[in-house]
Amino acid sequence: DAKTTQPTSMDCAEGRAANLPCNHSTISGNEYVYWYRQIHSQGPQYIIHGLKNNETNEMASLIITEDRKSSTLILPHATLRDTAVYYCIVSSLNQAGTALIFGKGTTLSVSS
Amino acid sequence: DGGITQSPKYLFRKEGQNVTLSCEQNLNHDAMYWYRQDPGQGLRLIYYSQIVNDFQKGDIAEGYSVSREKKESFPLTVTSAQKNPTAFYLCASSPLSKGAGYGYTFGSGTRLTVV
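Sequence lines, in order, name chains A and B.
Counted the way this note's numbering counts, the first sequence spans residues 1 to 112.
Counted the way this note's numbering counts, the second sequence spans residues 1 to 115.
Here are the simulated BS3-like cross-link-like pairs (lysine-lysine), alpha carbons at most 27 Å apart as the crow flies:
#	chain 1	residue 1	chain 2	residue 2
1	A	K3	B	K57
2	B	K14	B	K57
3	A	K104	B	K83
4	B	K9	A	K104
5	B	K57	B	K71
6	B	K71	B	K9
7	B	K57	A	K104
8	B	K9	B	K70
9	A	K52	A	K69
Simulated from the structure, these hints should not be mistaken for lab results.
Just chain A, same shape as in the assembly (with noise of 0.2 Å):
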């Protein structure tokens, strides 16, 4: 899997949008970006994925540059219940043989 680089923590208001960075720019063609993030204690919550497009559910959003070497997770209006740590990884759609590699992810701390 390619290697992504995430920022270590960040701060939002309540209320704002969270926009969380990630760097993966030797993803390769058939590599997917997924977002996953993981309440304290808790395991980790699947967010939303991509390919090349933007996508939006009733999460967040996912906006992935047109190079894909970079993306952003869009949180429109954070609560403090978005405070959690944020992983993005990138994975090929059908490879056999793998399983998901998380990092440190992003801290998010949503405060009022």
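Please arrange chain B on chain A, whose structure you already have, making use of the hints.
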């Protein structure tokens, strides 16, 4: 409701003892995984299995063993050979049919402490 169950939530072990952590899923997922997490660190892959009776080592398999006799179950044994077993252990499963990284579902974890 479908889900993935890990037990026990907290486990204490004496040094030199083997201990088995349970992981059961009723999601009909093909693949199952074991991760270890130390304080302030990301998740590190121990073992994973994509089909019954087959599994692969992850980055830190030494001192651990697994079995996959049933699709629903993927127990992890922490052996006495694991030098620093105190950690938070997470089990996960995924459907594989929608891609290698899609739809991981995690259990609530087992916190193992060696005393």
